Structure formats: structure tokens, C-alpha cells
Amino acid sequence: MPWWLPATSALCVVAAVVGGALVALGVAAPGFDIAGNLDDAYLWRVVWFTVLQASLSTLLSVALAIPVARAMARRQFPGRGLLLRLFSLSLVIPTIVAIFGIAAVHGRSGWVNDVLVLLGIGRANYLYGLTGILIGHCFFNMPFVARILLQAIESVPPESWRVASQFGLRSRDLFRLIEWPAMRTVLPGVAGLVFMLCFTSFAVVLTLGGGPKATTLEVAVYQALRFDFDLGRAVTLALVQLLLCGAIVLAVLQLAVPGTTALTEGRLYERPDTGGRLGRAVDGLALLLTGALVVLPLIAVAVAGFNATAAEVLARPALWHAVGQSLVIALSAGTLALLLGGAILISSRSLRHRLGRPAAAARLELPASLILVVPPFVLATGLFVLLRQVADVFALGMPLVILVNALMALPFVVRFLGGPMMEEAQRHDRLCQSLGIAGWNRLRLVEWPGLRRPIGLALAVAATLSLGDLGVIALFGSQDFATLPLLLYQAIGGFRMTEAAVIAALLSLLCLALFLVIEGGLGGLGAFRGLRRHRHV
Amino acid sequence: MRFSTLLTATLICWVPLSAAAADRTLTVYTYDAFISEWGPGPAIKQAFEAECGCTLEFVALDSSIGVLSRLRLEGESNKADVVLGLDLNVLAEAKATGLFAAHGVTAEDLALPVAWTDDTFLPFDYGYFAFVYDTETLASPPKSLKELVEAPDDLKIILEDPRSSTPGLGLLLWVRSVYGDKAPEAWAKLAKKTLTTTKGWSEAYGLFLKGEAPLVLSYTTSPAYHMIAEDEQRYQAAGFAEGHYMQVEVAAMTKSTDDPELAQRFLQFMLSPGFQSTIPTAQWMYPVIDLPEGLPAAYDKLVDPSKPLLFPAEEVAAERKAWVDEWLQAVSE
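Chains as they are written, first to last, in the numbering used here: chain X, 99 to 635; chain C, 3 to 335.
Calculated from the structure, these hints are not laboratory results.
Note that the structure is a prediction, hence the values are computed from the model and not measured.
No false leads were mixed into what you were given.
The calculated lysine-lysine pairs, modelled on BS3-like cross-linking and capped at a C-alpha distance of 25 Å, are: (1) X:K311 - C:K194; (2) C:K148 - X:K311; (3) C:K323 - X:K311; (4) X:K311 - C:K212; (5) C:K195 - X:K311.
Counterexamples of contact, computed for chain X against chain C with all Cβ distances above 12 Å: (6) T106; (7) V160; (8) I164; (9) L214; (10) W259; (11) L340; (12) G389; (13) F404; (14) A441; (15) G548.
Beta carbons: idealized from backbone N, C-alpha and C, even for Gly.
Produce the entire structure from the sequences given, and follow the hints as far as they go.
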């Protein structure tokens with residue numbers, strides 16, 4: 099099999115869905131005038147603000163994630179394993195629930211302000227405005243970045259720590275010589291992904307940004323499509339978003355460097371920098387910030403869920419029907435995302451490892467993420483226009499939601515699985531080639547034992563992401579179709595805030611449970627242990 | 003768990019949705035809140051099916067505006083017999099699509115505060131936009147829109163964005179109908195008091211209930227929910243002297259319906275107590291007829307605007323874009 103075939107097949111699926119939707123919508127638009135739509139001062143002000151807030155949000159998320167990942171790598175503390183799993187929750191929680199959770203902690207009458215009043219300092223209104231946007235985006239993205247960086251640090255061969263102790267290297271040098279090079283291999287890719295997520299943010303920017311001054315391109319697309327029903331303008335703006343985001347992320351990917359993983363015999367060595375008062379203070383501060391930004395809003399969501407209506411809500415058959423449908427979607431979409439992501443990575447790994455072209459490999463992985471920058475309502479409308487001539491869109495509802503969710507989870511699979519797969523190739527690729535182990539045998543005997551943990555993690559992330567996604571189904575129109583997030587939005591829309599809070603808490607718990615089951619089931623029981631376990635022991 | 007086990011489990015879980023078969027089926031496009039288990043949809047379905055011996059099938063789109071855009075995308079080949087849940091403000095645009103047929107219903111029981119003569123669209127509920135306030139944090143709410151606009155800037159309000167939500171557009175028209183060409187100045191003053199402008203009503207109202215601001219843009223009928231469902235008197239609407247802007251939700255039958263008789267029967271049913279009695283406590287809006295059993299007691303305590311404000315639909319259609327641009331300019335400075 100030629101090296102490019104798996105990625106090409108997977109990317110064809112992405113291109114068919116994204117391209118098909120955009121082209122169908124463009125064709126359906128009467129009087130499609132690209133130039134006329136771009137000549138608009140409002141539009142360019144919006145573009146400028148979008149780029150600005152997305153850049154700041156990405157920088158801050160990454161800047162915070164680095165010390166957090168370091169602290170998690172060198173400290174063992176009770177609840178570390180749980181904290182790591184909580185990290186995967188923040189991306190999954192529906193936006194509106196996250197906004198409520200963040201407001202409960204950082205809002206004008208939030209917990210932080212309560213403490214400030216208690217201390218006699220008085221209230222501080224810091225949430226609504228650019229700070230609000232940054233807090234919101236850090237909540238969503240920082241844990242994800244930290245998790246990827248932690249994976250990179252943990253892939254450093256333990257012998258490095260032994261050598262470092264022998265040379266008596268200090269914490270600063272360890273960072274410069276060992277951790278930073280490890281993080282740099284994954285940083286451009288993950289930063290690009292976070293940039294895209296922040297770029298397309300809608301409700302968070304509008305609500306926590308304090309008003310229409312904080313408008314992203316996504317809002318302008320929504321306005322064009324839904325409010326003005328101007329299909330041509332919607333497609334033009336979606337293309338601007340796609341091209342602009344693509345160009346910026348491509349520029350970031352130029353910073354990609356090849357991995358530097360060396361062989362290890364797999365023994366455990368302790369890091370030499372776990373003592374030291376300064377290091378402890380820095381790690382403590384990083385974890386404290388994590389607590390305020392990520393854990394407290396999640397706790398607020400959980401606390402709100404324990405209310406008087408909980409028993410009654412949980413007794414409803416409609417709720418469990420929605421749970422069932424959500425689980426089917428999550429597991430199917432997760433599996434599909436894993437297969438597509440694996441296919442892309444097999445090709446990009448060859449490019450990186452055998453052909454020595456890391457930047458080209460990063461570019462190959464980029465289209466996998468582009469679906470994230472197509473506004474969901476544009477995607478849904480385009481797919482509707484595309485498919486309605488050939489099939490009954492209502493009957494297609496479920497498979498379509500699974501496909502779109504899988505594609506949305508694809509970039510995360512690529513990020514979580516990319517590093518470990520590269521490492522695996524560095525360890526065994528030559529051996530496999532010289533022994534002629536290939537295909538199914540290589541997958542089963544060589545790759546699977548080493549990759550089952552990251553595969554478990556990637557599948558868990560992809561499945562939980564799909565569990566929390568509202569999905570394009572809300573835009574397609576449905577009869578008997580209900581997922582948990584849909585039910586949640588319906589409850590809020592019907593004034594039932596307390597019932598919605600129960601559903602939100604249940605959704606979070608379900609995500610956590612699904613995560614543990616998949617990660618533990620596929621990754622082997624070792625994944626449960628907080629201790630870092632190196633392979634090939 | 004082995005990977006293959008997981009895969010098998012996934013496949014087994016795949017339960018195909020079976021469609022109920024019946025001789026006559028009426029398909030109604032509406033928005034998703036209407037048919038949610040908290041909305042009026044389920045009770046209406048049951049009542050109509052018992053009466054007509056047919057199947058009532060709801061197709062739920064994400065929002066009122068989503069219903070219209072679905073219809074525009076589908077054009078003549080749409081599957082709807084009846085479209086329910088369009089807002090008065092998009093009525094002119096809806097009519098211009100030419101997809102709707104005259105209803106032919108004599109609606110003499112209508113008890114709207116404004117005269118209704120449209121031959122295509124029929125109203126099924128209405129309400130008034132209002133600022134709902136928290137009596138525990140705001141002892142004396144503003145008594146007029148002018149008082150709110152001129153209030154000190156530390157009085158915080160939560161608004162919805164007119165580009166993405168119905169109440170947001172409602173306030174835009176409300177300010178316009180009170181201030182006329184001076185609307186931009188009023189908006190500049192309101193902007194200083196605006197804690198945040200949210201995407202939709204849900205975010206705004208949720209933040210208000212979390213205590214983020216003492217005032218939120220909602221409906222005069224919102225307190226009825228708290229009084230009836232929660233026995234809570236804390237949240238009340240502020241009555242404004244200039245009057246309150248109205249929201250009217252309408253329905254119509256499509257030209258392409260294959261069963262015009264049944265569609266018309268549904269529209270007739272829509273104006274009967276069987277449909278209308280679900281409105282006050284499931285939709286939390288006013289019914290468009292006088293209910294035989296009257297309104298729930300809590301509705302007597304609500305702000306009753308002496309002066310309903312409403313622009314003609316044609317004027318909204320013609321000016322909306324300019325007014326939204328003007329608003330955007332005024333609040334972005």
C-alpha cells in the first residue's frame with residue numbers, strides 16, 4: 099500500500115462533506131457575488147476582532163497549559179488521576195452550561211466575588227469583556243492543551259531524567275533541554291487547533307464578551323444565513339473564515355519540528371527536580387489557577403445539578419431514551435473518528451518518519467481540522483440542500499449526525515494519537531521493515547500493545563465530544579430524535595433551569611463514566627493507575 | 003473490553019426509528035421548544051389526534067427563524083401541511099415566498115388587543131416584551147423606558163442580540179417605536195448599562211436567575227411561570243408607561259399541502275379551547291381567544307400594558323436591516 103493512500107481516503111470523506119455542503123449552498127444562492135460581500139467595513143472590523151481574540155485566547159491557553167502540564171508531570175498528589183479526567187470534560191460540556199458554570203464562579207455574584215466580599219475587599223466585576231472571553235476560552239481549551247503537553251513530557255525516555263540527575267541539572271535547564279523540545283513537537287498542531295476553536299466561538303464571545311462589540315465572523319455568518327437568508331453572503335463569509343483560519347494555522351505549522359524520541363529500555367527514573375521550594379510554589383500556583391479556571395466551574399455545574407427536582411427528572415423515560423441515543427451516537431462517531439484519524443496518521447507518520455518531512459506531515463493533518471471552521475449552521479444547511487434531492491433527510495438523520503460528529507472529533511484524535519504513533523514508528527519501524535512484518539500482523543503484534551493506551555484515550559475523547567455535541571440534528575429538524583444536549587437546551591428554553599441543571603450534571607457524569615470505561619477497557623487496567631507506566635516493561 | 007466487543011455493541015444499539023402508519027397524516031413544521039415535553043406540543047398532538055382520527059406529525063426546527071429558512075430552502079417541494087411558530091416580524095418575508103395559502107377560516111373568536119385581518123396567517127398566541135426584575139435586589143424598578151434609558155449606569159441590564167434572537171429584535175423595535183429617529187442616542191445610553199448582550203433568551207434569562215443583573219429583557223408573562231410552577235413571587239415584570247412592544251406568533255397552511263381540508267381543520271382547531279388552553283401554562287404566553295375557564299389566577303397579577311406597541315409587518319421588513327445596522331453602530335462606539 100502506498101504511504102499516501104490511507105490519508106487520501108480519509109481526507110476524501112472530509113472533503114466530500116465540507117466541500118459538498120459549501121458547493122451545494124453556493125449553487126443554491128441566487129446572484130452569488132463574492133466581491134460585493136467583501137466590500138464592507140463592518141465585516142473587516144469583525145474579522146480583526148475575531149483574529150485578535152482568537153490569538154490572545156490561544157496564547158493564554160498555551161501559556162497556562164505549559165506550567166500546568168509541568169506540574170502534573172512532576173507531582174503526585176491525591177486526585178491527580180481524577181483531575182486529568184476532568185480535563186477532558188471542559189471541551190465536552192455544552193456551551194450554555196459552561197457559561198452558567200463560569201458565571202457562577204467569576205460572575206458579579208459568583209463565588210470569587212463572595213470570597214472577596216468576605217475578605218473585605220469588595221466586588222470586582224471582571225467577567226464581561228475581553229477578560230470574560232479569555233476566561234471562557236481558557237476553560238474550554240487550556241485543559242486540552244495541558245493534556246497533550248503532558249503526554250509529550252511523559253514520552254520523554256526516562257533515561258533523560260537519570261542523565262539529568264547525574265549532571266545535576268536544575269529545573270530551568272530541564273525545561274530548556276528536555277521538556278521544551280518534547281513539547282515543541284506537538285505545540286504547533288495543538289495551538290492551531292485551539293486557534294480554530296476560538297476563532298469560531300459564538301455564544302461565549304457574545305455573552306462573556308459583554309455585547310455586540312465582541313462579534314466574531316461566526317456571528318456574521320449566522321446573521322447572513324438565518325437573519326437575512328442571504329446564502330451567497332453566508333457562503334462567502336464561511337469561505338473567508340476557512341481561508342483565513344487555514345492560512346494562519348498553516349503559518350503556525352511552519353514551526354513544526356520532528357520528534358526527537360530516543361530508544362528507552364523502559365525503566366523508571368525519578369525526575370531530579372521534585373524538591374525545591376520555588377518549583378513547588380510555581381506548580382502550586384499553576385494548579386491553583388487550574389482550580390479556579392477549570393475545576394470550580396465544573397463543580398458549579400455539579401452543585402447546581404443536586405437540587406430538589408433531581409429525583410423526578412431522573413425518573414423520566416424520555417431522559418433515558420435520550421441517554422441511549424446519545425450513547426449510540428457517541429460510540430459510533432468515536433469509532434469512526436478513530437478509524438479516519440488512524441488512516442490520516444499512518445500516512446503523515448510515513449511522511450514524518452520515513453521521508454523526514456515534518457512540516458509537510460503537519461500540512462497533511464491540517465485538512466482533518468478544517469471542518470471545525472465551517473459554521474455548523476452552514477454545514478447543516480449545505481448538507482440539507484445537497485442531500486434532499488437524493489434522499490429523505492429525516493431518515494438520514496442518525497447516520498448524518500454520526501458522520502458529522504465523527505468529523506468534528508477527528509482533529510482531536512489526530513492530536514492525541516499523533517505523538518504516540520510517531521514514537522511507535524521510531525521504536526519499531528525499522529525492525530518491522532527488516533523482518534517484513536506488515537499489515538494486520540504489524541497492527542496486532544507491534545502497534546496495538548504499544549498504542550492501546552493512547553488509542554483508548556483518543557477514542558474516549560472522541561466519543562465524549564460527540565456525547566456533548568448538540569449536533570447538526572437540531573438544525574435538520576427531527577421528530578423522535580432526542581439527545582441529552584438537545585433535551586438540556588429544551589429544558590432551559592422552557593424556563594426549567596433546575597431541571598436543565600440536573601441534565602447538565604448527568605451529562606457530565608456520563609461523559610466521565612464513558613471516558614473511564616473506554617480508557618480503562620481499551621487501554622488496559624494500567625490506564626486507571628495514576629502512576630505513569632512505561633511500555634515494554 | 004475488546005475493541006471488537008465495543009464495535010458489536012455499537013451495532014446492536016442501533017435501533018431504527020419506526021414511523022407510525024396512519025391513513026391521514028398532517029405534517030406541521032414548528033420550532034423545537036414548542037414540541038418539547040415542557041412545551042404545549044404533546045398535549046396538542048393528543049387532543050387533535052383524538053378529534054380528527056389522523057396522525058399529527060411535528061417536524062421540529064431549531065428556532066422560529068429556522069422554520070422559515072427551512073421552508074425557503076425546500077420551496078414548493080416542502081413536506082409541510084401547516085407551518086406553526088413564525089414571528090410577526092418575519093411575516094412579510096414569509097408571505098413574499100408565495101408558499102402559503104389563504105386559510106379560509108372565519109376567526110371571529112379572536113380576542114387579540116389589535117385587529118387581525120390577514121387572510122393567510124392566523125395568530126395562535128401573543129405576549130409583550132418586558133424587563134423582568136428581581137424584587138430582592140431592585141426595590142424600585144424603572145417605570146418607563148425613558149426612566150430606564152436615563153437611569154444611572156450602575157443599574158445593570160442583560161439584553162439579547164437582535165441579530166440572533168426574537169426578544170432582541172423586539173427591544174430594537176420597542177426602542178424605535180418610543181424614540182423614533184432618536185433611537186441611536188437611547189441605545190448609546192442603554193449600552194452603558196448593558197452587562198452583556200447574549201445570543202438568545204436562554205443565556206440571558208439563565209444569567210439573570212444566577213443573580214448577574216437585576217433586570218433582564220423577557221416577557222410580561224415570565225413571572226407567571228415563577229408564580230405558577232415554582233410558587234415564587236420574587237421575579238416580576240416592570241410596567242413601562244410608554245406601552246410594551248408585542249410579539250404575535252402565527253401559523254399558516256402551505257399551498258403545496260396534499261390535504262388542504264385537514265390543514266384547515268387544524269387551523270380551526272388551533273383557535274379552539276383544546277389548543278388555546280395549553281398556551282398560558284406551557285407556552286407562557288396569552289391565548290388568542292377568551293378561554294371558557296379564564297386565565298390562571300397568576301395572570302391577574304401580571305403587568306397589563308394599556309398600550310400595545312406594534313409596527314406593521316411591511317414596515318419591519320423594509321426597515322429592519324437599516325435599524326439593526328443603526329443599533330450596531332450606536333452600541334459599538
